[in-house]
Amino acid sequence: MEENVTVSGSTSKNYSADGNEVLFFTIDDTIYGIEIKYVNEIIGIEQITIVPKIPDHIKGVINIRGKVVPVISLRKRFGIDEIPYDDRTCIIVLEFEDGNQVGIIVDRVREVVVVNPNDISRTPDAKNVNANHYIKSIVNLESGIRLLLDCDKLIKDD
Amino acid sequence: MAKFEAGMEAMADMYVFETTSLLEQLDQILMKTENESSFGEEEINEIFRTMHTIKGSSAMMGLENMSKLAHAIEDMFYIIREDHPVISSMESLYDLVFNASDLMKAEIELLQEDEYTPTDFTEQMNKIEDFVAVLKGGEAAPAANAAAPAQTAAAAPAAQPAAAPANSDPSQTMVRVFFEEDCKMENLRALLVINRISESCSKLEYSPADIESNSETAETIVKNGFDVTFIPKSGTSIDAVVDTIKTTPNVKNCNIISQTAAIGAAAAPADDDSTTVRVHFEDDCKMENLRALLVVNNVRDVCDNVSFEPADIETNSESAKYIVENGFTIRFKSDKPKMVLQVIESAPSVKSYEVIENTAAPQPAEAAAPAKPAETAAAPAAAASPAAAPAAKPAAKQEAKPAAAAKPASGGAKQSLISVNLNKLDTLLDLVGEIVITEAMVTSNPDLKGLRLDNFQKSARQLRKLNSELQDTVMSIRMVPLSGAFSKMTRIVRDMKVKLGKDVDLVFEGEETEVDKSIIDQLNDPLMHMVRNSMDHGIEDNVEDRIKAGKSPKGKLTLSAYNSSGEVIIVVADDGQGINPEKVLAKAEKNGILTKPASEYSEKEILNMIMLPGFSTNDQVTEYSGRGVGMDVVRKNIEKIGGTVSVESKFGQGTNFIIKIPLSLSIVDGMEVSVGDSIFTIPINSIRESFKVKPNQLVKDTNGKEMVMIRGECFPLIRLYDIYDLTPGMPDLYDGIVILVEADGKCACLFADELIGEQQVVVKPFSSLLNNYNVKQHGMSGCSILGDGSITIILDVSNIISDF
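From first to last, the protein sequence lines stand for chains A and B. By the working numbering, the letter at position 4 of the first sequence is numbered 4, and the numbering carries on one by one without gaps. By the working numbering, the letter at position 557 of the second sequence is numbered 557, and the numbering carries on one by one without gaps.
Check before you lean on any hint, since a few could be wrong.
As the list claims (entries may be wrong) - In silico negatives: residues of chain B with every beta carbon more than 12 angstroms from chain A:
(1) I44
(2) N298
(3) V442
(4) D632
(5) T702
(6) L769
Claimed, not checked - In silico PhoX-like pairs for lysine-lysine, Cα to Cα no more than 25 angstroms straight-line:
(7) B:K640 / B:K776
(8) B:K136 / A:K156
(9) B:K554 / B:K650
(10) B:K554 / A:K67
(11) A:K53 / B:K590
(12) B:K636 / B:K590
Hints listed in this document are in silico derivations from the structure and should not be mistaken for laboratory results. Heads up, the beta-carbon is just placed ideally off N, CA and C, and yes, glycines get one too.
This is chain B alone, in the form it adopts within the complex (with noise of 0.2 angstroms):
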């Protein structure tokens, strides 16, 4: 796995899952707005700043690819949000976003893979480049505009920045600015620096002056940088114009070269109710520079004025020791301090943060800093090197903060969710299950056979309660709501709405519901072939036909899901055109998968044929579905889990899908009863009684297939021996014992050899070799060792019910 730089590799994790987040929030944002129909300021930030982290964190891990399309949207936005172009076609926008967004997320699925290569995002940056050639070209008239003050500001004192640094103005401060590398063009990107400064300097410099006009100053740009000497309006502090630099796009990096000594206090008198916070990270959290990003941009949301120490947090992943070292200092200004406080612990990452009280104590004591007159000092040496003078910044700073930290951390709670590696979760359910195995070993040890051992026995029953409540919570930690699962569908349904033209509304119902979280992400697949289904096949093509059958017009396709006796069940609905069943009779018989003649069919059996192999309704293979693999994946991936699939269809009122999962998949409550040599366990929860035979009961049919009378109903009867090809060890009925099962609302009599006991077992799917033979449509869900090492084998009743 070379995929990362060496060191990186350990935060790969980190960085999948937090980009994976990012991005499925991406998604959230424009389904919200798409469905307004507008871009609220509050979204077109959120967009921003999501593609703004995702940048830095990708090229941190050095993938270019990423970060470049992330910026090319960034940019994109950035555009939006400063010139609120007339956006012509919205479609586009959110087609492009979509795509990038899509494209990002293969590519994060890519580098979970051993073999990794960057995939080349070129042509989706073009399509960018041009949507964002577009907006410009709507907005040029204003850019020149805005454009020819900046100029006229910049003709009279040009040539001047050399002198700057001598200067004897008080407040004059002088940074020298970096564009990313091959960004092309620096000189106009100079400008827009200017353009975007101009409005908060009273004076304002740079050098070479002749940006605008002279293409050929790109170069000296990219050699020397470029050098902007400015005096920030009243009211507004140095470090709030360098931070326009630094967010203007393709800025590398944006250095202080000369800052006369009165600037600490120029600042200062503008910050008078503004607060000071150091933040500190939990340890070890790596990537400190980014989590204070998205500190920064966090409380950014809430205020304006936010400036932040080290500055450079962005560009320069060194300062992440920085941080580790002395904190994170952040500084903001905002009626409500006490909102961003909680903003800013709730952050992720954030161990704990203190006030610096504000104002008056800390800054004077930063100008007074003896490093700002010697870096001023410094400066006219033709600021030899750039990168000394923010370096010296922080340090200076850093001298000032102690005497001012005297305040403790107020309120420096810790946040209440982690993040845990998933393996982790695994490694510890496994270790619980093998824990139950062990206590069972131990308190039914065959050495204890016949004592008499009361406070062993009181220990015992301890140990078990706390056994079952340690699975309990083990259990609940991997439980998962299923929104995240839902609201995946959302956007399937959005581009299915778009490219076949149909109007359906998308409900969730108690998208709260929790499943474990090894199910969920089975549970992606199949759900989205659902979704798929029902919106291509399930509503109606022509709206008319809608009408004509007295619906509204606007289509329903609802996901809910709910609990129910020890399983989740998920329904896919919609209340389309329903599934013909003579259609599918006659589709199945044409394809010659009919097993008995077709009229002794019943409706239930019919529906369900469309999840058999190669089955397709639909005449058409379109984009989304006819193939006919679809329902058949579904159907796979269900039983994978251990649920069922099943369909409900009123011709043409519409169909369901009905999915019963587990709730957990790995520990089950069993019976275990035994067969000639064989141990089988049968789920307590499909268990409804167990019996001995008396003669009276048994009832045979004309085929000689047996039945057992329960109470005046008749079951049949399923001998285990006899399905499963074993030696029995109680052949006779009347010696063995009958377990009447349950499931799918049908019910049969089990016949076993006797039973052996209740216990809990921990579930081990049939290796892939095992599975290939169908042993799940025998009835075999998996196997389980017991305590004295021996196997089991766990029976998956319904499928015993509809096999024998």
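Pulled out of the complex, with its shape left as it was, chain A reads as follows (with noise of 0.2 angstroms):
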């Protein structure tokens, strides 16, 4: 399915003033999409080093040029099952305001879209949504509505 929309260049980060560019990924045939001020850049799957007694949607740690980044696996936290990693998982590096930075597994990377603000509305009330709890927005494009999630939520709450 090729959406119908504009795609910025996918190497310059386009910092928008507004700041509406969203990057879209994959987790289990449904499209989620995070905003790219939080998006530090996205790498393949590498060697997650374990750390013991940590909740299970975190898997651990990785080296990135000698800082050490948690890594958490979107499946487990949205309680989905974890399939095999294979050449299309990715890992989108955050980075917080604070300047951490925490890595997310994702099936794969889409692309990048500016959203125009007037498309994104306010999540519905619902409760049966099950991974309502980290979406922040929804996100209304011609090709359809995708979720935009809460970064902040990701890593905090529990």
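With the hints as a guide, dock the two chains, each given alone in a separate frame, to form the complex.
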């Protein structure tokens, strides 16, 4: 399914003033988005060092150029069964305002899209949506409805 | 960060650093004088100067509120210094200054944040003003007396100033004084100027003349400035008088608008034994004018009659440029010139100085300098541009100097201390850490396996030796004595003594013990909490209780520090009432934090309960403690820097808080062990031995808990794969390796697959995401990156022993 939307240059990180670029990726056939201001880089899957005594969804830590960065499996986070990593599995390295870096493992990365603020709406108050907890808002694209993840909740909330 | 004007941001760091140390200095002086309960001349001067410098540099950074507050205090001490008023309430004076100092410190902290809005100090300023009013009230009479003669002196030749420049009197000088904007009551301030210089002048006239009686003259002064014409008494130089004027409160600047040719000569004879020194500052040290002011202040400490060039360093930031180009000339009179030179040399940022041979040579030359007569000539022309005068003066002087400067810089030695931005040190340390890793990467490179490389090994050893020396040196750079952190406590103890009405002696022991800078910074809060705690809960409320218990009525609080096997141990000890274990236990039971029957708790365990979150034995919440957060915060903070806290207490005799912190956080010698696919690092200093277990060494207790018998002693066996839920490579105890570890006096055997080898690792703290899950509590203190890029987890033996 090819999206009929504007795709910005993939390499140049074009921070538009209103920061409405969104990186989309898939987990288990669902497409999720993350605001690009959080995204530091996207890397292939790496050797993950296990850290004992931490919740299951944190897979461990990886070494990114001398920095030790924890990695979260979004599948585990959303309560979906994990699948073996393949060559499309990616780690999206997020960087937060306090300088903390966290990697999230996703099935595959799709594209960066400029989203019109008018197309973003708040989450409905539904309780039966599985991952509703981590959803920040809903984006209405021509190609369909997309879920925007709340990065802060992804790492902080339990 | 638009806190400062453009170009000033670079100086912000320097400003913060300097002001902070000045304020600390101020606190120390105050504390000292308070203990002695008297102000010496020396101390007043010191406070005065401190405030003066803060005022100057704050104004320079555009921090008006800071500058004004400093100014108010400066004014207050000016009155104290000059008029020696009877200070009715020393306490309120101290409170006032301490508060102001606190406010300024808080402001400096605020400054370092991204969002900064200046705090309004009006309230504090008003308090100071009130106090000053009281001070002045006490000395109102003498002030009036002093004013009288000045007035009579002025009465006769009044209205003369206009004619003054034409006056043929050879040594007459006319200066124009401007006051700071909005300082109000300029006429009375002018009167103050007159009072101050009246003693050192044989003739004194000023315009407007009716400043004392006519308040409207204030406006005239604002507009046109305040003109003073004077002849200095013999023995006083013109510069000295001008100087006095300049140091009068609220004087913004003072320009010499007319000076007769003979002046230079007139000033010279008085200066027979004076020495002129030209000081150069380090390149790019910025704010040269304020640095010059610092030099002047320092020199004033040791001798009188100091004058300097350019004279407007304090008010005119442009003078910095002049100083950079031409150096800063300072003239002083002292019978021990060598000592003064030393003072100059040791002032911060001074690069070099040269003595321009004293007296005879420079001064006649100066007097003869062509600019001088021109100046006099220009002056009568209504002194059109007062600013032109000072500008011309340095020029004239400068021409005269090079000839006299022939004498080479005598002992222009550099100072041996520099201040370095901590970030640079951090980067350096990181780099050294990387080098250590890389060295391991090279020397134990798998490509070299099985090769016989004698020369390579030799060089590698040499490299290792140098690297470890480099590392030691970098570490030692970062080491700072604890005395700084300790002396901050003096202040807290002092405040609490007053508020709680307890008499306590604060004693320091081993405050010269050094710790890593990053640790010191983290230590202030916990120390403060503990000291507060000891003051509030530890020391008895009633002196009678102390006497009854056979203790001296005066409480004693001891802060001591010493080194012990790679750790620094800090003890906060009080000789107060101690902790009642029963009360603690009862409270713990009430709060429901007990995890086993109350009778099973040892005294040590009970005491350490006070460091659990939300625990406070104090029934009442006081200003200082009792909310039950204090000791919890202490423990958290200390753990953050990799240390531990414990409590020892004898009920009725006192309490000791013992903090153990590592000397340095960043590099540890570790033994790497593998457990399945994971690699753990055990700090070498907690390893006692490692060995393979023989079947006859294994003992099991009734619960099936394994223990290992070594030389007749039994130690619990902790299987690392077991506690960390890992898949072991060698589940069989007799195949793997057992490491006997020790921490906090307790031992245990850790079971791992195999030893990989010894390596120095650079500790990287866990990200906050992981810290949320209490990984520290589970015995992991951090992680590190190995030579091959893989990550190892550093184990914290003491937590493993206590947790599992």
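- request: Would you mind confirming whether the straight-line C-alpha gap from K53 (chain A) to K590 (chain B) stays at or under 25 angstroms?
  value: violated (31 angstroms)
Interface-negative label, V442 (chain B) against chain A, beta-carbon threshold 12 angstroms: V442 (chain B) clear of chain A: closest Cβ-Cβ about 17 angstroms, beyond 12 angstroms.
query: Given the hint that K640 (chain B) pairs with K776 (chain B), does the C-alpha gap stay at or below 25 angstroms?
result: Between K640 (chain B) and K776 (chain B) the Cα gap is close to 9 angstroms, so the pair holds against 25 angstroms.
query: Would the pair K636 (chain B) and K590 (chain B) pass a check requiring their Cα atoms to be no farther apart than 25 angstroms?
result: holds (23 angstroms)
query: Is the hinted pair K554 (chain B) and K67 (chain A) satisfied, with a Cα-Cα distance of at most 25 angstroms?
result: violated (53 angstroms)
- prompt: Far enough from chain A: is every CB of that chain over 12 angstroms from the CB of L769 (chain B)?
  reply: The assertion about L769 (chain B) is violated, with a minimum of 5 angstroms to chain A.
query: With d taken as the least Cβ-Cβ distance between T702 (chain B) and chain A, does d exceed 12 angstroms?
result: holds (28 angstroms)
message: Does K650 (chain B) sit within 25 angstroms of K554 (chain B), going by the straight-line distance between their CA atoms?
response: At roughly 19 angstroms apart (the allowed maximum being 25 angstroms), K650 (chain B) and K554 (chain B) satisfy the hint.
field: N298 (chain B) and chain A, when compared Cβ to Cβ, separated by more than 12 angstroms
entry: holds (42 angstroms)
- prompt: Straight-line Cα separation of K136 (chain B) and K156 (chain A) no greater than 25 angstroms?
  reply: violated (60 angstroms)
field: Beyond 12 angstroms from each Cβ of chain A, as asserted for D632 (chain B)
entry: Non-interface label on D632 (chain B) holds, nearest chain A Cβ at 21 angstroms vs cutoff 12 angstroms.
message: If we take the beta carbon of I44 (chain B), is the closest beta carbon in chain A still more than 12 angstroms away?
response: holds (46 angstroms)
Violated hints for the displayed structure, listed by number in ascending order: 6, 8, 10, 11.
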